[in-house]
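Engineer: Okay, here's what each chain looks like letter by letter:
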Amino acid sequence: MLSSFVQYLFSGVTIGAIYALAGLGFTIIYNASHVINFAQGEFIMIGAMATVSLVGLGLPLVLAIPLAIAVTVLVGVAVARFAIMPARDASVVTLIIITIGVSLFLRGVAQVLWGKGYHALPPFSGDVPFQVLGAALLPQSLWVLGTALVVIAGLGWFFGRTLYGKAILATACNRLAAQLVGIRVSGVLLASFGLAAFLGAAGGIVMTPITFTSADAGIMLGLKGFTAAVLGGLGNGTGAILGGLIVGIAEAMSAGYLSSSYKEATAFVIILAVLFFLPNGLLGRAGTERV
Amino acid sequence: MSNGGRYRGLAVLALVIGLLPLGLPNAYAYDIAINAAFNATVCVGLNLLIGYAGQISLGHAAFFGLGAYASGILTGRYGWPPLAALVVGAAGVGLLSWALARPVLRLKGHFLAMATLGIGIIISIVLNTESWLTGGSDGLMAGDFSVAGWTLRGDRAWYAMAGGLLLATVWAAGNLIDSPVGRALRALHRSEVGAEVAGIDTARYKALVFVLSAVLAAIVGSLFVHYAGMITPARAGFMKSIELVTMVVFGGLASTFGAVAGAVILTVLPQVLTAFEDYETMILGAIMVGTMIFMPRGLLVTVAGLVRAGRRR
Numbered sequence: 001m002l003s004s005f006v007q008y009l010f011s012g013v014t015i016g017a018i019y020a021l022a023g024l025g026f027t028i029i030y031n032a033s034h035v036i037n038f039a040q041g042e043f044i045m046i047g048a049m050a051t052v053s054l055v056g057l058g059l060p061l062v063l064a065i066p067l068a069i070a071v072t073v074l075v076g077v078a079v080a081r082f083a084i085m086p087a088r089d090a091s092v093v094t095l096i097i098i099t100i101g102v103s104l105f106l107r108g109v110a111q112v113l114w115g116k117g118y119h120a121l122p123p124f125s126g127d128v129p130f131q132v133l134g135a136a137l138l139p140q141s142l143w144v145l146g147t148a149l150v151v152i153a154g155l156g157w158f159f160g161r162t163l164y165g166k167a168i169l170a171t172a173c174n175r176l177a178a179q180l181v182g183i184r185v186s187g188v189l190l191a192s193f194g195l196a197a198f199l200g201a202a203g204g205i206v207m208t209p210i211t212f213t214s215a216d217a218g219i220m221l222g223l224k225g226f227t228a229a230v231l232g233g234l235g236n237g238t239g240a241i242l243g244g245l246i247v248g249i250a251e252a253m254s255a256g257y258l259s260s261s262y263k264e265a266t267a268f269v270i271i272l273a274v275l276f277f278l279p280n281g282l283l284g285r286a287g288t289e290r291v
Numbered sequence: 001m002s003n004g005g006r007y008r009g010l011a012v013l014a015l016v017i018g019l020l021p022l023g024l025p026n027a028y029a030y031d032i033a034i035n036a037a038f039n040a041t042v043c044v045g046l047n048l049l050i051g052y053a054g055q056i057s058l059g060h061a062a063f064f065g066l067g068a069y070a071s072g073i074l075t076g077r078y079g080w081p082p083l084a085a086l087v088v089g090a091a092g093v094g095l096l097s098w099a100l101a102r103p104v105l106r107l108k109g110h111f112l113a114m115a116t117l118g119i120g121i122i123i124s125i126v127l128n129t130e131s132w133l134t135g136g137s138d139g140l141m142a143g144d145f146s147v148a149g150w151t152l153r154g155d156r157a158w159y160a161m162a163g164g165l166l167l168a169t170v171w172a173a174g175n176l177i178d179s180p181v182g183r184a185l186r187a188l189h190r191s192e193v194g195a196e197v198a199g200i201d202t203a204r205y206k207a208l209v210f211v212l213s214a215v216l217a218a219i220v221g222s223l224f225v226h227y228a229g230m231i232t233p234a235r236a237g238f239m240k241s242i243e244l245v246t247m248v249v250f251g252g253l254a255s256t257f258g259a260v261a262g263a264v265i266l267t268v269l270p271q272v273l274t275a276f277e278d279y280e281t282m283i284l285g286a287i288m289v290g291t292m293i294f295m296p297r298g299l300l301v302t303v304a305g306l307v308r309a310g311r312r313r
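Going down the list, the sequences are from chains E and U. Going by the numbering used here, the first sequence opens with residue 1, and the numbers climb by one from there. Going by the numbering used here, the second sequence opens with residue 1, and the numbers climb by one from there.
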């Protein structure tokens, strides 16, 4: 009884950490530019698939991972430069369609490059599970959680202690004022997409030994990351992390106790409930609208 | 669009639909034309929501799917006459979309996109999972469409049906756009607060157009299941919803004929470019991004503008 609960909890927290990273990606881009990047999930997929390819070429993981992350960050910056910037002042609906288009385009490229099959990575440090309270904890889960913690701590440092991080925060607060004190806001847009791509890639890579990856893996991961961000309160970093963990755990619990076929629906039921009853999310501030 | 322009457009569309069979060489070409007409009909409805009312739905394929499944299940499993099944399916989707309309359409922008997307995905997961009723991922078979002993059979009959439905829809959409309802929709697109200040019950009009476009999708879905003889959950899925939005956007937002053009081009194109099948997702994405960046008002409006500018010179 307890052991299966703990087992679901482990898998929920593991996948939740990935959703949290994706949610943070949404949050960073949203704060910097008020764009919801529906292509966030593709960053997760590209990071994972690029690693698989590089490992397939014979590169060791320690080399393949940074290279794959670099590729993903480049893709992220290119998306901002060539798809978002030219439509900088377009309406919300237009930007939604653009980022969905970007997501389809990247997925299409991935299908051509890598085919539609599933790919795997070897676990980073063996696959002998630890026994905790009667449940099995994969070493790779610890890698996922450790990576998420390190990345989140690094983000905290970046935004709290560095000039670049503060420039992004300033732009999020007030674009015009940030511009007036000499911040290049177009650079901030590029940086925020690069950073979001980095978060996605990192999550996608550490997750692949557990869940596998495919060219089509990005859609659902991205949408769940968005659910995490909205659940926590769009624009709130801590909220996105909390939201990611809640979505991950809820999904694992509903797969375990209710029905595995409806597991995929969990995140969407959560997001509808949040949107209908709690539009500001768990940690978001009540918004007012200027006319 | 002025009244004269509208009727001229309608006449051109009628002429094209009427004369096209002369140029359709075989059953395959008829099949593409019929599917294009079905897609165009759904897109005209969706365009009322996206183009005129300024709302977005990333879940409209689910309404199409619900209509198709309602018809397939009621006729196949319970032996209902197809027309009754169609009406009940449309009414059911109408009720569902009406119940969803208020909480959903209170949302704006990203949140509206996400909510409609979520509803669409939940519906397609249900269609996929409840296989005792829906046949699961293999899909569901359906018989002919027949009314009072008369059966719709053969390419020509189906073409006339799909073409006629499209023409009627375009005509009705034109009437709606030129009516007080249409003006209210355009007003709330411009500024919701402004429209409310002017005394327009924006929630009611948004709900109305949402229900209308959903019911239209359901009716087309019902006909489609009889035409194609089957339906799979993929037809109700997220990708299909995105395809529908792409058709509307590509042809031109807030232009009924643009929506028709977009639907026809994007239905025909993949059939012509079968050699590029592997690149389909990529091309679809590129079309979406490219349209929004380089011709945000869509193909038809942009081309018409260029033609007009050329004439003036």
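Some hints could be false.
What the hints assert, rightly or not - DSBU-like, lysine-lysine: derived pairs with alpha carbons at most 35 Å apart:
id : chain 1 : residue 1 : chain 2 : residue 2
1  : U       : K108      : E       : K166
2  : E       : K263      : E       : K166
3  : E       : K263      : U       : K108
As the list claims (entries may be wrong) - One side only, chain E facing chain U, incomplete, derived with CB under 8 Å:
id : residue
4  : T94
5  : A265
6  : L278
7  : L282
As the list claims (entries may be wrong) - Footprint (simulated), chain U over chain E, 3 or more residues, beta carbon under 8 Å:
id : stretch
8  : 99 to 105
9  : 189 to 200
Please keep in mind that the hints were generated in silico from the structure rather than gathered at the bench. Backbone N, C-alpha and C define an ideal beta-carbon position, used for all residues, glycine too.
Engineer: Does each hint hold? Answer for all of them.
Structural biologist: Hint check results:
1. U:K108 x E:K166: Answer holds: K108 (chain U) to K166 (chain E) is near 29 Å, not above 35 Å.
2. E:K263 x E:K166: violated (39 Å)
3. E:K263 x U:K108: holds (27 Å)
4. T94: For T94 (chain E), the interface hint holds, since the closest Cβ of chain U sits about 5 Å away, which is under 8 Å.
5. A265: Holds - the Cβ of A265 (chain E) comes within 8 Å of chain U, reaching about 5 Å at its closest.
6. L278: Cβ of L278 (chain E) sits 12 Å from chain U, so the hint is violated.
7. L282: violated (15 Å)
8. 99 to 105: The restraint on the stretch 99 to 105 of chain E holds, since 6 of its residues have a Cβ under 8 Å from chain U and three suffice.
9. 189 to 200: violated (count 0)
The structure shown violates the earlier hints numbered 2, 6, 7 and 9.
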